[in-house]
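Residues per chain, in single letters:
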Amino acid sequence: MSAKPAAAATTNKFNFSQFIKDYGWCYAFIAVPIILFLMFTLFPVGYAFIMSFQNYHVLGSTWVGLENYQTMVNDDIFWKAMWNTFIFTVGTVPVNVAITLFLAVLIFPRAKKAQTFFKASLYLPTVASGVTIALVWFWIYDPTTAGLFNMFLGLFGIDNIMWLGQSSTALFSIMLMSYLTGHGAGIILYLAALGGIPKSLYEAADIDHASEWSKFRNITWPLLKPTTLYLLVTGIIMSFQVFMSIYLMTQGGPNFATTTIAYLIYTHAFEYYKFGLAAAESFVLGAVIIVASIIQFKVMSSDVEF
Amino acid sequence: MISYSILILWVIITIIPLYWMLISSFRDTTVSVSFKPEWFPSEVTLATYVRFLTETDALRWLFNSIFVSSVLTLSNVVFSSLAGYAFAKLRFPGRNTIFWLLLGTMMIPAQVTLIPVYIMIVNVFGLVDTYLAIMLPMFTVVGNIFLMKQYMSTLPTTLIQAARIDGCSEIGIFRKIILPISKPGVAVLAIFTFVSTWNEFFWPFLVTQSSSMRTIQVGLASFKFQDATDYGAMMAGSMLAALPMFILFFALQRYFLQGITIGAVKG
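Chains as they are written, first to last, in the UniProt record's numbering: chain E, 1 to 306; chain L, 1 to 267.
Chain E extracted, bound-state conformation (with noise of 0.2 angstroms):
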């Protein structure tokens, strides 16, 4: 921030008085965000790897080597876990992108007052938090014909489902309120990316006759592949932590049909205390996220050219 200390030049004795007369703001500045940093995040990391080794207890851990890393790979309703996991985020990550986009492009050649109304009503459900959306489609999926759902199906003349209640549609009926609550966020980014394409790649495109879906393929995807990356990368970090709806709406069952991995581990350490073992997994997720992300970034951005 200011010239370097003039006692530099002569002596290279570090002087710390200068230091923090010079540098002093500057730490103080960042100091309670970096103490709670190193608090919350740096030491947490590296003592939940090494609880991963132990069998923590509160008054002095034992050293178990890999013993909890085996317990997890030996244990089936792991792999479960892991299964129903991928089968959630592979289920609804790219196709509430797709859906994202969709809207987005529908929205954008409106005028501004329709382009803020669908905006804002898309991206109401994303105010509300996630245990009064849980709550809501819990009552829309009630096995009675009290659910909305099954009052529908009625109407057709169809028995009732029970959503929640049965391994073959558990886990889909928590897929399906995903589709269906809130791309708001994803719109308004993809709405922003959308403005910041050059109209003159459109007019060239017009004079060349191109079709709509020509138009779309050659100019418009390409363009908006940061957004598409970013809202990817951000959709598939969230989906492999999916908890909450899973808590209030499935409690993992039934017969774990909707146990993911990050229920698994809350249940280990919070229900059963096994806080080494679910440091293990933890571990496994966090794995699992950083290297898809890394993938993600290297095949999206091949063959982005600016």
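Since the hints were made in silico from the structure, they are not lab data.
Heads up, a few of these hints could be off.
Result set (BS3-like, lysine-lysine): computed pairs, CA atoms no more than 27 angstroms apart in a straight line [to be verified]:
hint, chain 1, residue 1, chain 2, residue 2
1, L, Lys-224, L, Lys-89
2, L, Lys-89, E, Lys-113
3, E, Lys-21, L, Lys-89
4, E, Lys-298, E, Lys-225
5, E, Lys-225, E, Lys-112
6, E, Lys-199, E, Lys-112
7, L, Lys-183, E, Lys-112
8, L, Lys-224, E, Lys-21
9, L, Lys-89, L, Lys-176
10, E, Lys-21, E, Lys-113
11, E, Lys-112, E, Lys-21
12, E, Lys-274, E, Lys-199
With chain E fixed as given, assemble chain L onto it according to the hints.
Relative to the frame of chain E, chain L by itself:
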């Protein structure tokens, strides 16, 4: 006009669950075989609200949420804008290293740090069932620092240099120059922090035990398990938890819709 119809249809699909929640909260609805959904309520009653407010600690939960969200909003605004300013405009040894360390660890999912942080707060500090336990891990959020850094990088540096030459202190520059011209960014940060802390469920759920220390989200979730068939009161509770956010959204819509694009990557 096909595209218009699709959009309207999608808006209806999006809004139906919220509308359902709203009208149901004004009907005295407990599930029975003869129950019929009504799209336009024939009678309006506040019975469900009365039941939710009197049979639970709902007023206390609402107070807890207001308190926790307000403190966290204030702390995040103050510390994120200070740190964001330092990372955007000041030069000091280790600046880039520290910043990238902060950013890099954002990729680590919350589940990894969750267990040690829980043990620290509950077993080591003995803070279970306190406001401090609910607030400490969210006192400053790295994402907010990043947001403020992005925002403040766009401010003119010449103003800062001029003030420094005039002998203004660093904290004075921050308070008298940076903060006033950063108001739009600070407003966005404040709104998003308030909404996200109000809607936070998992952490307050973990570190609170007694009913009186719950936030509205945790209380509402616990109410569901007490009586899963009292949908009417459940919807009234959901409305009470969501209504302040809806009001905030409609009052400050412009900031909401702008704010989303500040933090995200530039295309």
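ask   = In ascending order, which of the hints set out earlier in this document are inconsistent with the structure?
value = 1, 2, 8, 10, 11 and 12
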